[in-house]
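S.K.: Chains as they are written, first to last, in numbering that gives the first Met the number 0: chain P, 0 to 141; chain E, 0 to 191.
Don't read these hints as lab results, they were simulated from the structure. Source: prediction; values computed, not measured. Careful: at least some of the hints might be erroneous.
Unchecked claim - Some residues of chain E that are not near chain P, with every Cβ distance over 10 Å (derived): (1) Met44; (2) Gly135; (3) Gly149.
Stated by the list, open to error - EDC-like mimics (lysine to aspartate or glutamate), calculated; alpha carbons at most 20 Å apart, straight line: (4) Lys11(P) - Glu56(P); (5) Lys128(E) - Glu57(P); (6) Lys23(E) - Glu125(E); (7) Lys23(E) - Glu82(E); (8) Lys59(P) - Glu155(E); (9) Lys11(P) - Glu57(P); (10) Lys131(E) - Glu56(P); (11) Lys23(E) - Asp107(E); (12) Lys23(E) - Glu110(E).
Even glycine gets a Cβ: it sits at the ideal position worked out from N, Cα and C.
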Amino acid sequence: MHNNPILRISTKILFAPIILFGLYVQFHGDFGPGGGFQAGVIVASAFILYSLVFGIEEGKKLFPTNINLILLALGGIVYGGVGIVSMILGDEFLAYNILGSSPQSGQHIGILLVEFGVGLTVSNVMIALFNAFASYDKVKEK
Amino acid sequence: MISELLINAFLVTIMLSIAIALIKTRTVIFTVILTSAYSLVAALMFITLDAVDVAFTEASVGAGISTILFLAAMAYLPKKEEESISSEFIPALSCIILGVILIWCSFDLPEIGQLTAPIHQHIAPEYIKGSKEDIGIPNIVTSVLASYRGYDTFGETIVVFTAGVAVLALLEKKNTTKKNKSQPKQKIRKNA
């Protein structure tokens with residue numbers, strides 16, 4: 000597919016807006032529809048589109064596998080970490096009230112961080128799955 | 000009211016026709032694309048039920064990413080489904096019986112949006128009130144998902160993580176044991 004100029008150029012034009020939209024969905028989830036799960040999938044779709052058009056090798060150059068796997072685990076750690084931090088500060092696991100100066104701002108911070116963890120894990124799991132499926136044949140033929 | 004009925008009838012008709020087309024088709028790529036279309040119509044259905052968050056998830060996950068993953072996984076599948084040899088009578092009968100039972104049970108459901116329904120009486124008022132006063136977030140779905148039901152969402156995230164790691168581990172193992180070429184393909188064919 001990487002010889003088709005229409006696909007190449009439209010991918011390059013679309014790539015940044017897709018990620019921007021993903022970030023909007025991620026961090027606007029408190030106020031509108033959206034949140035970590037949807038945002039993660041949208042961000043992952045940008046990278047998958049890039050891999051589809053330019054080839055899996057180029058996609059791995061853009062987003063290296065080892066970073067992908069680290070971020071995959073980091074999402075869960077961020078989520079659990081918020082719970083641990085609230086425990087250390089003297090409240091219960093995943094009770095956000097204590098994280099901010101007032102209970103409401105604590106809730107805001109907690110929800111934002113937790114959704115960020117969800118988005119991180121979901122997007123990286125999707126990218127890793129796509130890479131694993133797409134690069135399977137090539138490895139076998141070696 | 001009548002327009003709502005028309006829209007619902009339209010969506011249900013499209014869903015039904017997609018489902019029938021899904022049964023008829025034997026080409027795997029059409030199955031994948033029809034499943035994606037089905038998810039998209041389901042997302043529209045969720046919008047008519049005012050569940051925008053669910054609709055968003057259905058559109059992005061069901062119609063978007065899972066289609067891409069199915070397409071990526073299609074490389075291991077045969078291009079066409081095998082014709083089933085066994086009789087279709089018993090599956091059809093069990094589907095019809097199940098459908099009749101479900102429709103029969105649906106007469107007992109409260110009407111959509113009815114305030115006296117149990118689901119609107121139990122804990123929902125507390126969430127609606129608390130989301131505004133205790134959490135200060137306009138989107139109640141987010142406050143329930145991330146705060147009131149934070150444990151569940153934590154579990155969901157770990158499930159996504161575990162599933163991803165499990166698939167990666169499976170494919171990695173197959174990649175390293177590449178000595179006999181035909182073995183993995185045959186295995187997948189059996190599963191399909």
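S.K.: Now look at each hint and say whether the structure bears it out.
M.R.: So, going through the hints one by one against the coordinates:
Met44(E), annotated as away from the interface, keeps every beta carbon of chain P farther than 10 Å; the closest lies near 16 Å. Separation of Gly135(E) from chain P is inadequate, the least Cβ-Cβ distance of about 4 Å not exceeding the 10 Å criterion. Remark: the non-interface label on Gly149(E) conflicts with the geometry, its nearest Cβ contact in chain P lying 4 Å away (cut-off 10 Å). As the CA atoms of Lys11(P) and Glu56(P) are separated by approximately 17 Å, the hinted pair is consistent with the 20 Å bound.
Between Lys128(E) and Glu57(P), the direct Cα distance comes to roughly 50 Å. Violation of the 20 Å bound is thereby established for this hinted pair. In summary, the hint linking Lys23(E) to Glu125(E) is not supported, as the alpha carbons are separated by about 48 Å, beyond the 20 Å threshold. Distance restraint check for Lys23(E) and Glu82(E): the Cα-Cα separation of roughly 11 Å lies within the 20 Å cut-off, and the hinted pair is therefore satisfied. Of the supplied pair hints, the one linking Lys59(P) and Glu155(E) is violated, its CA atoms being roughly 27 Å apart against a limit of 20 Å.
Distance restraint check for Lys11(P) and Glu57(P): the Cα-Cα separation of roughly 13 Å lies within the 20 Å cut-off, and the hinted pair is therefore satisfied. Restraint check for Lys131(E) and Glu56(P): the C-alpha separation of about 48 Å exceeds 20 Å, so the hint is violated. Pair hint Lys23(E) plus Asp107(E) does not hold up; C-alpha atoms about 34 Å apart against a cutoff of 20 Å. A hinted pair counts as satisfied when its Cα atoms are at most 20 Å apart, and Lys23(E) with Glu110(E) does not qualify at roughly 35 Å.
In summary, the structure is inconsistent with hints 2, 3, 5, 6, 8, 10, 11, 12 from the numbered list given earlier, while agreeing with the others.
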